[in-house]
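Asker: Spelled out from the first residue to the last, the chains are:
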Amino acid sequence: MAELLPLSDALSELVADGDSVALEGFTHLIPFAAGHELLRQGRRELELIRMTPDVLYDQMIGMGAARRLVFSYGGNPGVGSLHRFRDAIEHGWPHPIEIEEHSHAGMANAYAAGAARLPCGLLRGYLGTDLMERTRVAPITCPFTGQQLVAVPALRPDVAIIHAQEADRAGNVQLWGIPGVQKEAVLAASRSLVTVERVVDELEPRPGGVIIPGWVIDAVAEAPGGSRPSYSHGITERDNDFYRRWDAISRDREAFVAWMEEHVLAGVHAG
Amino acid sequence: MSGGNGLPTAGEVQTVVAARQLAHARSVFIGVGRPSTAAILARMVHNPQLVLVYESGTVGAKPRHIPLSIGDGELAETADFVVSVPEMFNYWIGAGRVQIAFLGAAQVDRFANLNSTVIGDYAHPRTRLPGAGGAPEIASSCQEVVVIVPHTRRTFVPELDFRTTVGHGDGPGFRERLGFPGRGPSAVITDLGVLEPDPDTRELVLSAVHPGVEVDQVRAQTGWELRVADPLPTTEPPTDAELAALRELVSR
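So the protein lines, in turn, are chains G and Y.
So that you can map any letter, position 225 of the first sequence is 241 in my numbering, and since no number is skipped, the others follow by simple counting.
So that you can map any letter, position 144 of the second sequence is 294 in my numbering, and since no number is skipped, the others follow by simple counting.
What the hints contain is simulated information worked out from the structure, not anything from laboratory work.
Beta carbons: idealized from backbone N, C-alpha and C, even for Gly.
Some clues are possibly wrong.
[Said to hold, decoys possible] Which residues of chain G face chain Y? A partial, calculated answer using Cβ under 10 angstroms:
| id | residue |
| --- | --- |
| 1 | S24 |
| 2 | G96 |
| 3 | L98 |
| 4 | N125 |
| 5 | L134 |
| 6 | P169 |
| 7 | A170 |
| 8 | R172 |
| 9 | Q190 |
| 10 | G193 |
| 11 | G196 |
| 12 | V197 |
| 13 | G224 |
| 14 | I227 |
| 15 | S246 |
| 16 | R260 |
[Stated by the list, open to error] Cβ-Cβ distance ranges computed for the label pairs, FRET-style:
| id | chain 1 | residue 1 | chain 2 | residue 2 | range |
| --- | --- | --- | --- | --- | --- |
| 17 | Y | P308 | G | F258 | 18 to 24 angstroms |
| 18 | G | P159 | Y | P361 | 34 to 40 angstroms |
| 19 | Y | D390 | G | F258 | 35 to 41 angstroms |
[Claimed, not checked] Listed next, the stretches of chain Y that the computed footprint assigns to chain G, with coverage defined by at least 3 CB atoms under 8 angstroms from CB atoms of chain G:
| id | segment |
| --- | --- |
| 20 | 169–176 |
| 21 | 341–352 |
| 22 | 358–364 |
| 23 | 367–378 |
| 24 | 387–395 |
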């Protein structure tokens with residue numbers, strides 16, 4: 017049963033140096049507050065897993081928290097490059113990182129396989145591309161039809177961290193709007209934390225609402241505004257201006273570090 | 151650049167021509183940028199029933215503004231329905247339920263294969279690009295693909311640095327051998343003209359130039375010996391209605 021905890025306590029309990037951690041949220045509901053708290057707690061050597069690294073992993077990679085990155089699209093949506101992600105891969109700054117890259121379909125199926133506790137996911141993908149040689153997939157033949165398919169190994173993160181709009185006091189969670197791959201990430205992981213905009217007495221059913229029961233979650237932490245500059249549908253709006261501004265902030269190493277020190281490391285944690 | 155009543159820019163012509171591809175389509179898969187602008191324009195001027203599908207899971211989105219990201223709130227608010235990422239890629243894209251896909255890329259080769267992964271060597275890239283995203287499975291499974299890219303020698307290369315996404319592979323039979331459900335790229339729309347695969351060889355052939363563009367200009371911006379249709383038509387210039395709608399959309 018999910019325990020309601022302050023964010024800093026939840027993270028120090030659930031995440032250790034060297035863990036594989038998936039902070040998910042497909043453009044929407046990205047758990048920025050939790051990621052920033054991991055940086056303040058000085059976590060290192062993480063295997064960071066995320067379909068779209070986005071600005072959050074750009075920040076975590078640039079601050080040297082990542083040993084390895086598993087991803088499928090490393091851009092700043094609609095803006096351009098993630099400069100810290102590029103600097104790490106192109107120049108090994110602040111240190112080299114290992115990468116494992118997939119397509120969206122591959123990674124989504126890898127999460128779904130992890131959630132189902134199956135060893136691999138199956139898809140019609142990767143075939144004919146150079147990705148086949150560069151990532152962890154293997155061709156497989158359907159035993160019934162002889163069709164050529166590709167198997168992608170299940171993702172089983174040590175910890176999944178997601179953000180949602182609401183939880184009740186028993187730690188049942190509801191999110192709505194673009195659901196991404198968050199339910200799969202929580203069910204694929206060994207441990208999980210959900211940060212929420214607010215804790216309510218009773219969850220009110222929402223159109224398209226996704227419920228994740230408290231009995232598959234380890235901890236719930238209240239973090240109002242915890243997805244900013246991403247957004248929580250119906251509560252906050254995506255800060256598109258910030259995503260545009262990030263391009264200039266992140267281009268230069270020193271300007272980036274100064275910005276992170278001022279806005280993230282010195283920040284009072286949300287617990 | 152262009153003022154209020156000025157002549158259309160090359161980019162505007164590219165967007166307008168791309169939008170016309172959707173005049174009779176049922177559904178289109180789009181990323182952000184010019185493809186998204188073209189699809190929204192198509193709904194405004196040609197095809198109000200067109201179903202816009204974004205990979206964030208928003209199906210039937212009706213944005214009034216050009217979204218910055220594929221996950222902007224307006225897309226979810228206006229969608230007919232919203233699905234998870236695994237559902238999007240398995241039930242809708244993988245199953246071939248989306249008719250046309252608009253894709254961009256950093257490099258295109260003569261068989262309309264695409265690179266969006268690296269420039270240079272994979273292990274030590276000169277430029278690390280964002281990576282595959284949804285493109286490989288979109289290109290293998292959507293019924294038809296339209297590639298939308300700027301026409302420069304940097305983009306139109308003799309050999310890709312990395313094949314992220316299969317267009318027509320190495321030529322005839324390539325897609326069929328891999329069992330791809332979709333027909334692959336039917337057109338590449340650039341700011342200079344339109345290229346279409348030869349039905350027999352599958353090699354891209356310049357099939358139209360935009361108004362005012364010379365063939366030599368296109369050849370100079372293509373990194374291989376470009377084949378050119380004879381006779382070579384010129385695309386219809388944007389109508390006043392198309393141009394006014396596009397400029398109004400961009401200014402919102």
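Asker: Output the numbers, in ascending order, of every earlier hint that fails for this structure.
Answerer: When the structure is compared with the hints, numbers 1, 5, 6, 7, 8, 9, 14, 17, 18, 20, 21, 22, 23, 24 turn out to be violated.
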